[in-house]
Amino acid sequence: MMEFIAIYWWRVLVAVVVAYLLGSLSFAVIFSKMAANKQDVRTMGSGNAGFTNVLRSVGVVPAIFTLVFDCLKGVLAMVITILLIQAVPFDREAIDALSPNTQYTYLTIAKYMAGAFCVLGHCFPIFFGFKGGKGVTTVAGMAIMLDPFPWMLVINLGVYLLVLIITKIVSISSISACLALPISNFFLTFFAIMKPTEATNDPIGIGFVIATTVIMFLIGAFVIFMHRSNIGRLIRGEEKKISAKKKEKAA
1 MMEFIAIYWW
11 RVLVAVVVAY
21 LLGSLSFAVI
31 FSKMAANKQD
41 VRTMGSGNAG
51 FTNVLRSVGV
61 VPAIFTLVFD
71 CLKGVLAMVI
81 TILLIQAVPF
91 DREAIDALSP
101 NTQYTYLTIA
111 KYMAGAFCVL
121 GHCFPIFFGF
131 KGGKGVTTVA
141 GMAIMLDPFP
151 WMLVINLGVY
161 LLVLIITKIV
171 SISSISACLA
181 LPISNFFLTF
191 FAIMKPTEAT
201 NDPIGIGFVI
211 ATTVIMFLIG
221 AFVIFMHRSN
231 IGRLIRGEEK
241 KISAKKKEKA
251 A
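Using my numbering, the final residue of the sequence shown is 251, and nothing's skipped along the way.
If you are wondering where the hints come from, they were derived from the structure by calculation, not from laboratory data.
Don't take every hint at face value.
Straight-line C-alpha distance at most 30 Å; calculated BS3-like pairs for lysine-lysine [unchecked claim]: (1) 38 / 240; (2) 33 / 245; (3) 245 / 168; (4) 38 / 245; (5) 240 / 131; (6) 241 / 131; (7) 241 / 38; (8) 131 / 168; (9) 131 / 38; (10) 168 / 240; (11) 33 / 168; (12) 131 / 33; (13) 240 / 33; (14) 168 / 241; (15) 33 / 241; (16) 245 / 131.
Required output: the full structure, derived from the provided sequences and hints.
Below you can see the structure in the form of structure tokens.
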């Protein structure tokens, strides 16, 4: 890990700062203002700057745009991290001296860190008074870019959709997917990434599995914490099922 810090520190620093700033682009606020006579979605419904509140308070089309662009934030944060580490030429000698699987390990950990900061920016956006959404869609964007593609996304999206179909409650499906994040990450990284390299001359160690799983656990726990008001409503039996804003009838 000291090798990772010594060689990659400035690249990772730039990556997480850029990821946080990307996450801070609150598309729920942007699209709600465009669609609802400049009204901020955070003053409507649940007050959350996310897909579900835009769907309930503003409408289907702005909600879809919010969903897509919040997801793309996570994707772009990961792409920029990859480019910073693989394409920026400065100090390449130290990186190129590492074995291929060591480079892969460090790149992947950097991607996880950037994804975590993108989620942090989504929840506490510097451009929008640090009042944002809850991070679920941005985590999905992060999952799109993780190995082994596309299983991280498929498994956790599957959990999300299955629970949503059963309960019709977005918060329960979101929390369930977050609980599944570290579990799916452990099994995927252990069996699909680490195990196949054990018989080679360049094995990926268990530290890789542990580091990525810990980061994913922290992301999942953070997003669940952001749902604490929803958990309170669930306990009281007050949480609403998913629905879209109905069009107002012309007078």
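Each hint tested on the structure:
1. 38 / 240: Measuring from Cα to Cα gives roughly 26 Å; hence the hint holds.
2. 33 / 245: Judged against 30 Å, a Cα distance of about 15 Å means the pair holds.
3. 245 / 168: 16 Å, holds
4. 38 / 245: 17 Å, holds
5. 240 / 131: 22 Å, holds
6. 241 / 131: 24 Å, holds
7. 241 / 38: 27 Å, holds
8. 131 / 168: 26 Å, holds
9. 131 / 38: This hinted pair holds, its Cα atoms lying about 17 Å apart.
10. 168 / 240: 9 Å, holds
11. 33 / 168: Given that 30 Å is the threshold and the Cα spacing comes to 27 Å, the pair holds.
12. 131 / 33: 15 Å, holds
13. 240 / 33: Holds, because 24 Å separates the two Cα atoms, which is no more than 30 Å.
14. 168 / 241: 5 Å, holds
15. 33 / 241: 24 Å, holds
16. 245 / 131: 23 Å, holds
No hint from the list above goes unmet by this structure.
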